[in-house]
Amino acid sequence: MKKNLVYGLLLLSTLSVSLNSCRTDEMLTSTEQTQKEKIAFFERFEKEKSLSKNAESNNYALPFGNSMLAYFNNYPEKKTELENRYGTVDLSVSSQDIGGDDGDNRKLLFFPMLKDGKVTAVIAGVINAERDYLYFDVHQNTNSDVIYLINKFQHYYDTKTVSRNSNNPIDVGEVIIRVTRPVKLTMYDVWSGGGGIGSGGHDMGGGPGDYGGGGSGSTPNTPNTTNPCEQTKNIVNNSKSKPAIDSLKQQSKLSDEKEKGFKVNSDGTTTQINSGKHEVDLGDAAGYLGGYHNHTPSGIKMFSPPDIVKMLSFAMAQTNGNIGNGFMGMIGSEPCSSCPDGYRYYHYMINFNGTSQELAGFLYNANWDLESLKDDYRDKEKELSENLSYTNQLGGNLNSNGLQKLFFDTLKNMKMEGKVSLQKIEDNGTVQSVTLNSNGSSTTATPCP
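For what it's worth, the working numbering labels the leading residue of the sequence shown as 52, then goes sequentially.
Heads up, a few of these hints could be off.
Said to hold, decoys possible - Pairs of lysine-lysine residues, derived as DSBU-like cross-links and limited to a Cα-Cα distance of at most 30 Å, are as follows:
{"no.": "1", "residue 1": "100", "residue 2": "431"}
{"no.": "2", "residue 1": "304", "residue 2": "284"}
{"no.": "3", "residue 1": "431", "residue 2": "300"}
{"no.": "4", "residue 1": "129", "residue 2": "311"}
{"no.": "5", "residue 1": "304", "residue 2": "293"}
{"no.": "6", "residue 1": "300", "residue 2": "433"}
{"no.": "7", "residue 1": "129", "residue 2": "300"}
{"no.": "8", "residue 1": "431", "residue 2": "98"}
{"no.": "9", "residue 1": "309", "residue 2": "425"}
{"no.": "10", "residue 1": "293", "residue 2": "169"}
{"no.": "11", "residue 1": "169", "residue 2": "291"}
{"no.": "12", "residue 1": "309", "residue 2": "129"}
{"no.": "13", "residue 1": "291", "residue 2": "166"}
{"no.": "14", "residue 1": "311", "residue 2": "284"}
{"no.": "15", "residue 1": "311", "residue 2": "470"}
{"no.": "16", "residue 1": "425", "residue 2": "211"}
{"no.": "17", "residue 1": "433", "residue 2": "166"}
{"no.": "18", "residue 1": "466", "residue 2": "425"}
{"no.": "19", "residue 1": "463", "residue 2": "300"}
{"no.": "20", "residue 1": "304", "residue 2": "425"}
{"no.": "21", "residue 1": "129", "residue 2": "169"}
To be verified - DEER-style ranges, computed between Cβ atoms:
{"no.": "22", "residue 1": "153", "residue 2": "98", "range": "35 to 45 Å"}
{"no.": "23", "residue 1": "94", "residue 2": "477", "range": "41 to 51 Å"}
{"no.": "24", "residue 1": "386", "residue 2": "209", "range": "38 to 48 Å"}
{"no.": "25", "residue 1": "209", "residue 2": "297", "range": "31 to 41 Å"}
FYI, nobody ran anything at the bench for these hints, they're computed from the structure.
No residue lacks a Cβ here, since even glycine has one placed at the ideal position from N, Cα and C.
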């Protein structure tokens, strides 16, 4: 469910970018001066904005964020450099866009950058009036204005943590921290100068080719090349993560109705997450490959819509554009008299298999109502339980075919058909790739090579 969560007013009266600076034109690079074609994300966004009455269409975080993703796709070394120095950009949180005076059609917008859950810097994006040149600069120093912005963003994350600990988690969705434009803006060189305070150039800058809208730059529509089978085998057979997975199997059998989870670091080690009744909040995805959690004995043994959205966040957090490396794992169980230890386990993993541009669209443009999607998910589970093709007892728990059918129906409802890979992991560690058959009513699990 998309909600704009307004967290106070950022008073920028002491910031130092002048919207009327006469130096702007003097400092334009030759690239900016020669670009003629508009950056596609902004051109498309503003066309849709002019035709739509939907308030969501007014959020400039969408073209700024999509443009940044396209730039990182074209120049993955820049993404790695910035993340190593400052942290990961959280594109789901931003300031509102800041406009210029009358006659000045530039737009300025801030995103936070985080390391280990702490805001370490802000990255400012500026699009020129012609929409054919965009640049981003990172700001991280002792300047009081920058510190003020960092603290305001940090306040949001601190507040979210408090809410999570009180068992009243903030809804998943984009967050806009509103910025009140003072009477006179005199910000530092965000608008017209270079690369942050005291720096001599932009951290990222360019035109349509650089941001995926044309020119010589590569396109962000190239599918990711991650092999889901190999990715899953690497996780479930890793000696560092396997003990945590085995622990979730035991947790899935307990009747205390609690979910537990953990996040997986790039080296396979895990970070445990405090349990919650019926659900577990895995928190910030930045810096992690993915997450795992169990479903409770009374819960549905398949990924829910919020689980799928969380996987998208892990995909977005991957470095060097390897979005297919992000994943979500889920384990559920039920009593089984004929099974080796008296339980049948349902162990699945999902990965995103679309393009980076599609990923950004799903995360920031989809306008999902998660509460409605969860209702649909539960209704579909109940419907399938009345069909013996999907359950071993009418009205009972879904079998594997039923659970897998539920998953693909949920993807269809979210308009994500064909964009998420599903793997099933057997008790002996065998990984199977699950697909929906052409009849749309049954599934096939094929062992990975």
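Outcome of the hint check:
1. 100 x 431: violated, 35 Å
2. 304 x 284: holds, 24 Å
3. 431 x 300: holds, 26 Å
4. 129 x 311: violated, 36 Å
5. 304 x 293: Answer holds: residue 304 to residue 293 is near 18 Å, not above 30 Å.
6. 300 x 433: Between residue 300 and residue 433 the Cα gap is close to 25 Å, so the pair holds against 30 Å.
7. 129 x 300: violated, 40 Å
8. 431 x 98: violated, 37 Å
9. 309 x 425: This hinted pair holds, its Cα atoms lying about 19 Å apart.
10. 293 x 169: holds, 29 Å
11. 169 x 291: holds, 26 Å
12. 309 x 129: Answer violated: residue 309 to residue 129 is near 41 Å, above 30 Å.
13. 291 x 166: holds, 23 Å
14. 311 x 284: Given pair residue 311, residue 284 holds - Cα atoms ~22 Å apart, limit 30 Å.
15. 311 x 470: holds, 27 Å
16. 425 x 211: holds, 22 Å
17. 433 x 166: violated, 42 Å
18. 466 x 425: holds, 15 Å
19. 463 x 300: Distance of about 29 Å is within 30 Å: holds.
20. 304 x 425: holds, 23 Å
21. 129 x 169: holds, 21 Å
22. 153 x 98: 35 to 45 Å: violated, 23 Å
23. 94 x 477: 41 to 51 Å: holds, 49 Å
24. 386 x 209: 38 to 48 Å: holds, 42 Å
25. 209 x 297: 31 to 41 Å: holds, 34 Å
This entry does not satisfy hints 1, 4, 7, 8, 12, 17 and 22, going by the numbered hints stated previously.
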